[in-house]
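Using the sequences and the hints given, assemble the complete structure.
Just so you know, the sequences run in chain order A and B. Going by our numbering, the letters in the first sequence line up with residues 1 to 338, in that order. Going by our numbering, the letters in the second sequence line up with residues 339 to 467, in that order.
Not one of these hints is a red herring.
25 Å max Cα-Cα, derived BS3-like pairs, lysine-lysine:
no., chain 1, residue 1, chain 2, residue 2
1, A, K274, A, K299
2, A, K300, B, K370
3, A, K64, A, K309
4, A, K60, B, K370
5, A, K299, B, K370
Pair by pair, the computed Cβ-Cβ distance ranges are:
no., chain 1, residue 1, chain 2, residue 2, range
6, B, G444, A, G282, 18 to 24 Å
7, A, R25, B, R353, 32 to 38 Å
8, A, V276, B, S349, 46 to 52 Å
9, B, I456, A, R26, 30 to 36 Å
10, A, T218, B, A455, 45 to 51 Å
11, B, E382, A, G282, 23 to 29 Å
12, A, T218, B, G409, 47 to 53 Å
13, A, V57, B, G409, 23 to 29 Å
14, A, K64, B, A362, 16 to 22 Å
15, B, I456, A, S244, 57 to 63 Å
16, B, V384, A, R94, 42 to 48 Å
17, A, D145, B, A362, 41 to 47 Å
Source of the hints: derived by calculation from the structure; they are not laboratory data. Remember, predicted model here, so these are calculated numbers, not experimental data. Beta carbons: idealized from backbone N, C-alpha and C, even for Gly.
Spelled out, the chains give:
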Amino acid sequence: MARVKHEGQWYGLDEGESVLDGLLRRGVEVPHSCRAGACQSCLMRAERGEVPARAQVGLKETLKARGYFLACACQPEGELEVAGAGADLRVPARITSLERLSDSVLCVRLRPEGDFEYRAGQYVSVLRTDGLARSYSLASLPHEDTLALHVRRVPGGRMSGWLFEEARPGDVLELQGPAGECFYVPGRPEQSLLLVGTGTGLAPLYGIIRDALERGHTGPIWLFHGAVDVSGLYLVEELRALQSRHPQLQYRPCVSKGQARVGVTVGALDAIIKEVCPRPAGWRGYLCGSPDLVLSLRKKLFLAGLSLKEIHADAFLPSTPPPQGGAGVMASASDASR
Amino acid sequence: MSTSVAEKQSSLYERIGGEPAMAAAVELFYRKVLSDERISHFFEDVDMERQAAKQKAFLTMVCGGPSAYSGKDMRKGHAHLVRQGLNDTHFDAVVEHLSATLTELGVAKPLVEQVLAIAGSARADVLNR
Numbered sequence: 001m002a003r004v005k006h007e008g009q010w011y012g013l014d015e016g017e018s019v020l021d022g023l024l025r026r027g028v029e030v031p032h033s034c035r036a037g038a039c040q041s042c043l044m045r046a047e048r049g050e051v052p053a054r055a056q057v058g059l060k061e062t063l064k065a066r067g068y069f070l071a072c073a074c075q076p077e078g079e080l081e082v083a084g085a086g087a088d089l090r091v092p093a094r095i096t097s098l099e100r101l102s103d104s105v106l107c108v109r110l111r112p113e114g115d116f117e118y119r120a121g122q123y124v125s126v127l128r129t130d131g132l133a134r135s136y137s138l139a140s141l142p143h144e145d146t147l148a149l150h151v152r153r154v155p156g157g158r159m160s161g162w163l164f165e166e167a168r169p170g171d172v173l174e175l176q177g178p179a180g181e182c183f184y185v186p187g188r189p190e191q192s193l194l195l196v197g198t199g200t201g202l203a204p205l206y207g208i209i210r211d212a213l214e215r216g217h218t219g220p221i222w223l224f225h226g227a228v229d230v231s232g233l234y235l236v237e238e239l240r241a242l243q244s245r246h247p248q249l250q251y252r253p254c255v256s257k258g259q260a261r262v263g264v265t266v267g268a269l270d271a272i273i274k275e276v277c278p279r280p281a282g283w284r285g286y287l288c289g290s291p292d293l294v295l296s297l298r299k300k301l302f303l304a305g306l307s308l309k310e311i312h313a314d315a316f317l318p319s320t321p322p323p324q325g326g327a328g329v330m331a332s333a334s335d336a337s338r
Numbered sequence: 339m340s341t342s343v344a345e346k347q348s349s350l351y352e353r354i355g356g357e358p359a360m361a362a363a364v365e366l367f368y369r370k371v372l373s374d375e376r377i378s379h380f381f382e383d384v385d386m387e388r389q390a391a392k393q394k395a396f397l398t399m400v401c402g403g404p405s406a407y408s409g410k411d412m413r414k415g416h417a418h419l420v421r422q423g424l425n426d427t428h429f430d431a432v433v434e435h436l437s438a439t440l441t442e443l444g445v446a447k448p449l450v451e452q453v454l455a456i457a458g459s460a461r462a463d464v465l466n467r
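As structure tokens, then:
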């Protein structure tokens, strides 16, 4: 008999009954609307069990890869365990190195002391022993022996200030997560990829690009890294070296202010992208960084022909209201929609 | 809704191409809606992905597909927009994009007209009259 586990309890399903109907029948509250696999308000995530393909029609590949499905269109054959709230596990981790990538960006490397699986491009919450928590995107690849975070120094920032000034290799933290759906899914290796990040939004993109290249992506890969001025750019030499090894990679560091100089484009990031990549229809896009840029660029790319299913975005939200003048705290948080 | 009407409408949905046709239509339709200055401001602050899913549910409904939308949901779902000034002009603009989208996808004219008739019947609910 088909049955579904929800928040620790098993519910039997009648012949041909959907997960949504079965749970509703037993009094479990599940948000839903159209019951026709269209509105996606009954989106759930399976932790164990086989999800029928029909229950994932219309979902992004990244959501499918994480086990998301539409409860109203899901008639499982066997047993299905639905992810419940609070299922997150915390894993202790130790700082292995702290390396300046620029005046304002620190690469923090951590070694998890326990199982910690993630996909390149996802983000994690980092908790200090006193409970202080911030989220950062991962710049490393899962097979590397340490996790890498790019931490921007924030004026008055408690976590970044501590990491820059006081933290030492050997210090212990806790990790929670991972989360986020900005990651590479194999398939369509010839597709053009468009990656755009501002500030430390480069971190997940650095992971995604290397992941795509290792998995044999053959199509063009465009990377636009935007900053206010050249002091906000980092990993420039590494990315140029990566480009010289992989001619399909087109790396474009961009600044909104300052004098033109070799290899750096000056101008508004969206205008530069439009000029360099005028027709991105059929491409796959990854957007990470300040919410203003991410949200407006998502709309512009959609109107330019990118399918919404092909646009993966992580808006980096401030952990606290940003100080006057607008320099935000770059703690990553997923796009609010999920 | 009587069974015979439901069957007739479900066949309209199938004749248009069912779910794959809706999937193809939704982005085309939503892109037209967002690019239209007459109505795009109603979508300024919405979550694009959720809105696209709603647009798909709307298309499925007006094409006579499986849908649980009622007039009551339509009223509730648009009340805040009516307070912002949503009126017949805006409704007509959406219908125009719906018509253009289906035509672009090669849906036969009589079918397009059937869809537009169903959409038109929602006017009073959408505008909360």
